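Engineer: Now for the letters of each chain:
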Amino acid sequence: MAKIKKSPRPQAEIPTASMSDIAFLLLIFFIVSTVFVKGKVIKVAMPKAESIDKIPRSHAVTLYVDKVGNITVDDYSIQIPQVEMVMIKKLQQDFNMITCFRTDRETSYGVMADIMNQLRKANALRVSFEAKRKL
Amino acid sequence: MLRPRKKRAMGGIPTASMSDVAFLLLIFFLSTTKFDMKYGLGLVLPAPTTEETVKVKLKDDNLTKILINKDGLVQVNESIVPLEQLQEKISAMVKKNPDMVIMLKTDRQSNYNNMINVLDQLRLAGAEKINLSTN
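If you read the protein sequences in the order shown, they are chains A and B. For reference, each letter of the first sequence is one residue, going 479 to 613 in the numbering used here. For reference, each letter of the second sequence is one residue, going 391 to 525 in the numbering used here.
Because the hints were derived from the structure by calculation, they are not lab data. Since we're looking at a predicted model, the values are computed, not measured. Virtual Cβ for every residue (Gly too), placed ideally from N, Cα, C. Just to be clear, a hint being listed does not mean it is correct.
Unchecked claim - To give an idea of the chain A side of the interface with chain B (calculated C-beta under 7 Å), a few residues:
1. 486
2. 488
3. 490
4. 491
5. 528
6. 567
7. 584
8. 591
9. 596
10. 598
11. 604
To be verified - Residues from chain A that keep clear of chain B, each with C-beta distances beyond 12 Å, as calculated:
12. 485
13. 487
14. 489
15. 497
16. 505
17. 553
18. 559
19. 564
20. 573
21. 582
To be verified - Simulated pairs of lysine to aspartate or glutamate, DMTMM-like, Cα-Cα distance not exceeding 20 Å:
22. B/479 - B/450
23. B/519 - B/451
24. B/495 - A/584
25. A/532 - B/518
26. A/526 - B/451
27. B/447 - B/518
28. B/479 - B/468
29. B/428 - A/528
30. A/532 - B/426
31. B/460 - B/450
32. B/479 - B/518
33. B/428 - A/592
34. A/521 - A/562
35. A/610 - A/528
36. B/455 - B/410
37. A/526 - B/450
38. B/519 - A/584
39. B/460 - A/584
40. B/460 - A/592
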């Protein structure tokens, strides 16, 4: 009896030639879409808290207040009496604006109270005190 | 006499490890990228006082005064309370009377951090009606 020879099965292979294309595509996507936070002039050590919520970035206007009481908005340094005017302008651009305080832990509360009074005058009533999550 | 020319060997760059390189870079960027999320303690400030503002008198039972002095000591209704016990105390008060308004009065010379710590505890205790003031 003649033996029927089994034909060898073709080896299954995953084509990996385009793997590098995929990897480079992803890499380039991440490189292009990454935005680096610019180094701020003002140095702020934020307080820590537990009951913190996420702030929607699209409506946030960040007010930097450092230890000594220097105030910065959009990289412009301003004085306390100017806060009202700046916030009125910001409120015109976005009605749902939230003022985010990036205030140093050691700032005296008096400065903050004065700023908040200015915010009230400007009718910018939604505020958020930025903090880091307490571990 | 014509001799058949020898074919030159093609010079090739090995691309097999290209995907390894790309993935390595990709994973490096993925793991080192840190998103700058904004987290904070949200609060809505009261509207500015005008001549038309109607003053509402609060009953004494519905008002809790919390004072923070410049050293960070916290006083609740005439008794000094350590920060660790504040949440428990306020939580009991708010449960007993859901209309409780908490007035957080911070000394102008007190650190911002002290105010945030107390505000955090108040929010953890479930207090919703919080009013900030200063002397």
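Engineer: Next, verify each hint and record whether it holds.
Structural biologist: The hints, checked one at a time:
no. : hint          : result
1   : 486           : 26 Å, violated
2   : 488           : 22 Å, violated
3   : 490           : 19 Å, violated
4   : 491           : 14 Å, violated
5   : 528           : 6 Å, holds
6   : 567           : 17 Å, violated
7   : 584           : 6 Å, holds
8   : 591           : 4 Å, holds
9   : 596           : 10 Å, violated
10  : 598           : 5 Å, holds
11  : 604           : 6 Å, holds
12  : 485           : 30 Å, holds
13  : 487           : 25 Å, holds
14  : 489           : 18 Å, holds
15  : 497           : 4 Å, violated
16  : 505           : 5 Å, violated
17  : 553           : 16 Å, holds
18  : 559           : 15 Å, holds
19  : 564           : 16 Å, holds
20  : 573           : 14 Å, holds
21  : 582           : 7 Å, violated
22  : B/479 - B/450 : 18 Å, holds
23  : B/519 - B/451 : 14 Å, holds
24  : B/495 - A/584 : 17 Å, holds
25  : A/532 - B/518 : 18 Å, holds
26  : A/526 - B/451 : 32 Å, violated
27  : B/447 - B/518 : 19 Å, holds
28  : B/479 - B/468 : 14 Å, holds
29  : B/428 - A/528 : 14 Å, holds
30  : A/532 - B/426 : 11 Å, holds
31  : B/460 - B/450 : 26 Å, violated
32  : B/479 - B/518 : 15 Å, holds
33  : B/428 - A/592 : 23 Å, violated
34  : A/521 - A/562 : 23 Å, violated
35  : A/610 - A/528 : 8 Å, holds
36  : B/455 - B/410 : 63 Å, violated
37  : A/526 - B/450 : 32 Å, violated
38  : B/519 - A/584 : 26 Å, violated
39  : B/460 - A/584 : 12 Å, holds
40  : B/460 - A/592 : 17 Å, holds
Hints 1, 2, 3, 4, 6, 9, 15, 16, 21, 26, 31, 33, 34, 36, 37, 38 from the list above are not met by this structure, while the remaining hints are.
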